[in-house]
Amino acid sequence: MFDSLTEKLEATFKTLRGHGSLTDENIKEALKDIRRALLDADVNYKVARDFIAEVETEAIGAETIRSVDPGQLIVKIVHQKLISLLGSQTSDVYISEHPPSVIMICGLQGSGKTTLSSKLALRYKKKGKKVLLVAADPYRPAAIKQLQTLGKQIDVDVFEMGQANPVEICQKALSQASKQFVDLVILDTAGRLHIDDELMDELAEIKKSVKPQELLLVADAMTGQDAVNVAGTFHEKLEITGVCLSKMDGDARGGAALSIKRVTGCPIKLVGVGEKMTDLEAFHPERVASRILGMGDIVSLVEKAQDTIDVKEAAKLEKKLRKSQFTLDDFYQQIQQLKKMGPLESLMDMIPGAGKLMKGATIDPKSMVRVEAMILSMTPGERDKPQIINGSRRKRIAKGSGTTVQDINKMLKQFGQMKKMLKSFTKGGLRGLPKGISPF
Amino acid sequence: MLRITPRRLVDQVKFFSKFKKGLTKTKETLVGNIKKAVGLAAKVDDDLLDKIEQILIESDVGVSASLKIIENLKKKVASDNIKDPEEVTTALKAEIMAIVRSDRNPATLSSDGLTVWVVMGVNGTGKTTSVGKLAKFFSDQKKETMIAACDTFRAAAVDQLEVWAERSGVQFIRAKDGTDPAAVAFDAATSAKARGVDILIIDTAGRLHTKTHLMAELAKINKVVAKVVPEKNIKSKLILDGTTGQNGLSQVKFFSEAVGGIDGLIVTKLDGTAKGGVVIAIAEEMSVPIDFIGLGEQIDDLKPFDPESYVAALFE
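Protein chains in written order, with numbering that gives the first Met the number 0: chain A, 0 to 439; chain B, 0 to 315.
Possibly wrong hints are sitting among the right ones.
[Unchecked claim] The list that follows gives simulated cross-link-like pairs (lysine-lysine, DSSO-like), each with its CA atoms no further than 27 Å apart:
id : chain 1 : residue 1 : chain 2 : residue 2
1  : A       : K409      : A       : K319
2  : A       : K398      : A       : K412
3  : B       : K226      : A       : K27
4  : B       : K50       : A       : K31
Don't read these hints as lab results, they were simulated from the structure.
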C-alpha cells in the first residue's frame with residue numbers, strides 16, 4: 000500500500016531480468032505492474048493508459064537488441080518516456096527585459112500560492128531585482144497579513160489595498176510599480192475552485208488588465224486524479240504559462256506532475272521543497288524521472304551541498320583529513336553543516352539506492368542531537384584527543400549530556416571507525432561532501 | 000434523544016440539499032459514468048466491471064481498494080445471480096455504503112467534562128478554516144466552545160483564526176507567533192477546564208507527515224494536554240484535503256503513528272470536482288471513520304459526515 004513507485008518498478012524489473020529477451024508476454028506482465036505503480040502514484044488513469052501504450056510499442060520494437068539485459072532495456076524506455084512526458088528540458092520563469100515584469104500566481108485554496116509568491120520574490124531579490132509583492136486576496140481572513148509578515152521576513156515591499164476589488168488592486172499596484180522603478184511584480188491572487196465561474200472570470204479580468212508575462216498555476220504535489228480537471232480548466236480559461244509544484248518535500252510520488260504536464264502542455268517551472276523561504280528549486284524533468292525510477296537524485300544533493308557548505312571550512316577539513324587530524328570538534332562542525340542542508344530524510348531520498356537501503360531503518364534526528372550533546376560535554380582537550388577519555392571522564396560526559404556511559408562508548412567507537420573510513424576516502428579527494436555520516 | 004423540531008426538520012432539508020449540491024459534480028461523473036457504462040452494457044460482463052474499476056480509480060479510490068470492491072461486487076453478482084446491469088449500481092452502492100458507514104455520532108462530546116479536539120494535517124488542507132467552522136457548529140449546539148491557535152509557525156495563522164472566533168462568537172486563546180505550540184495548548188486546556196468549557200478545539204500548524212521533528216512536536220502537544228485532560232477525552236482529528244490522491248493513506252498512517260491513533264477524519268474541499276474517493280480507501284484499509292465534510296466556503300458549510308446522505312446523494 001505504501002510502496003513507492005520506485006520499489007514497484009524495481010520489483011517488476013527484477014522479474015524481467017530472469018528472462019532471456021523481451022517477449023510480448025513478459026512485457027505485458029511488466030507493463031501491468033508499471034501501470035499499477037503509476038496509478039498508485041496518482042498519475043491520471045488516462046495519462047497512465049497512454050503512457051503504457053507508448054512504452055509497449057517501443058519495447059516490442061526494441062526486441063531485437065539481444066546484448067542488452069531486457070530489464071535494463073525497459074528501464075531505459077520507461078525512464079526516457081517519463082522524461083519526455085515531464086518535459087524534455089528545464090524551463091525557467093520568464094522575466095521581461097522591460098520592467099516591470101509581472102508574474103501572476105493562481106491556484107486552488109491551500110495549494111501554497113502565498114508561500115510560493117514570497118519564495119519567488121526572495122529568489123529575484125537575491126538576483127538584485129527590485130520586487131513588489133501584491134496582496135490580491137481580499138477574501139480569506141488574514142491573507143494580507145500573512146503576505147505582509149512574509150514580506151517583512153524577506154525584506155520585500157508588499158502592496159495592499161485591504162478588501163478592495165482584486166482587479167483594481169492589481170492595476171494600482173502596477174502603476175505604483177512603474178513609478179517606483181520596480182523590476183518585478185508578483186500578484187498573489189486568492190485561492191479558488193476551478194468551477195467557480197465568478198472567481199475564474201475575476202482572474203481572467205486581472206490577466207486582461209495587467210497582461211502578466213507569466214501566469215503560473217500552483218499545484219499541490221499530493222493532488223490525486225482531479226489534477227487533470229483543475230489544471231485543464233485553469234489552462235482553458237486563462238492560458239497559464241507554467242506550473243509550480245508545491246509540497247514536493249513530502250512522500251508524494253508526484254504523479255500529478257505527469258498528469259498536469261500532459262493535460263496542459265505547460266512546463267513545470269518551479270518546485271517547492273520545504274517551509275523555509277529558500278526552499279524553492281527549478282524543476283528538472285530528468286531528475287524527477289530518475290527519482291521516480293529509483294536512480295536517486297545525486298545532482299540535487301551535490302547542489303544543495305554546494306549551496307550550504309562553507310568552501311573554506313571544507314578545504315580546511317579536507318587538509319585535516321589528509322593528515323589524519325580529524326577531531327571530535329571537526330565532527331561537530333560537520334554535523335552543523337549537515338543540519339543546514341535540511342532534514343536527513345530528504346537527503347537520503349536523493350542518494351541513489353539509499354532509499355531502498357534505508358527502508359525500515361528510521362533515521363532518528365535525535366541521535367544527532369545526542370551526539371552533539373556528548374561532544375559539547377567534553378573539554379577542548381578531550382575533543383582534540385579522544386584517547387584521553389577514560390572511565391571517569393566518560394561518566395562525567397554521560398552525566399553532562401544526559402546519556403549513559405554505554406552511549407559514550409558507542410559514539411567513540413563509531414567515531415574511531417569513521418576516522419578510519421574517512422582516511423580511505425581522502426585518497427580520492429573529499430570536497431565537502433559529508434560522506435562520513437555513518438553513525439546515523 | 001434526537002427530538003424532531005420544525006427547526007431541525009428545516010435544517011435537515013437544507014443540509015441535504017446543500018449536500019447534494021456540493022456533491023452534484025461528483026455524482027454527475029461517478030453515477031453518470033456508471034449509468035453510461037451500465038446503459039451501454041447489455042449484460043454484466045468483465046467489460047462492465049472494468050469500466051466500473053476505471054470509474055472508481057478516477058475517483059481516487061485507488062487500485063487496491065477498487066479491486067476489493069470489484070471483487071466483492073463480482074461475488075455478489077454471482078451469488079445473487081444478477082443479470083441486469085442496472086442492479087449492479089444498487090449492489091455497488093451497498094458495497095461502498097458498507098465501507099464508509101460508521102455507527103457513531105461524530106459530534107458526541109464526552110459526558111464527564113472537557114473534550115479536546117486536536118486538529119492536525121498537512122499544509123494547506125484547511126485546518127484553520129475547519130476549526131473556525133467547527134467552533135460555529137458546536138456553539139450552535141449550545142456547547143461552551145473554545146478555540147486555541149497553536150499554529151505559531153505560519154505567518155498570520157493566529158490572526159486568521161481570531162477572525163473565525165469573532166464570527167462564531169466563541170472563546171479564543173491566542174499565542175504570539177513563534178512561541179512553543181505545546182505551551183499554548185497547555186494554557187488553553189488549563190483555562191478551558193477552569194472555565195467549564197465543553198469543547199476545546201486546538202488548531203495546529205500544517206506539517207508534512209514525513210518530517211519527523213514536526214511530528215514529534217505534535218505528539219508533545221497531545222502529551223501536554225493529557226496532563227490536564229484525561230487521555231480518553233483527547234481526540235486527534237486529521238484534516239484531509241478532498242483533492243488529495245493516494246498520499247492520503249500515507250498521511251493517515253504517519254499522523255496516526257505520531258499521536259497514537261487518529262480518531263476521525265475531516266475531509267475538506269469536496270465542493271469542487273474532486274471525488275475524495277481516497278476516504279473510501281482509508282475507511283476500507285485503515286478503518287478510520289469520516290467525521291465531517293467541507294462543502295463550501297461559508298461558515299455553515301462544514302457538516303457531520305452522514306454516510307446515508309453521502310451514498311444517497313452519490314447514487315440518487
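Tell me, which hint numbers fail for this structure? Hint check: 3 fails alone, others pass.
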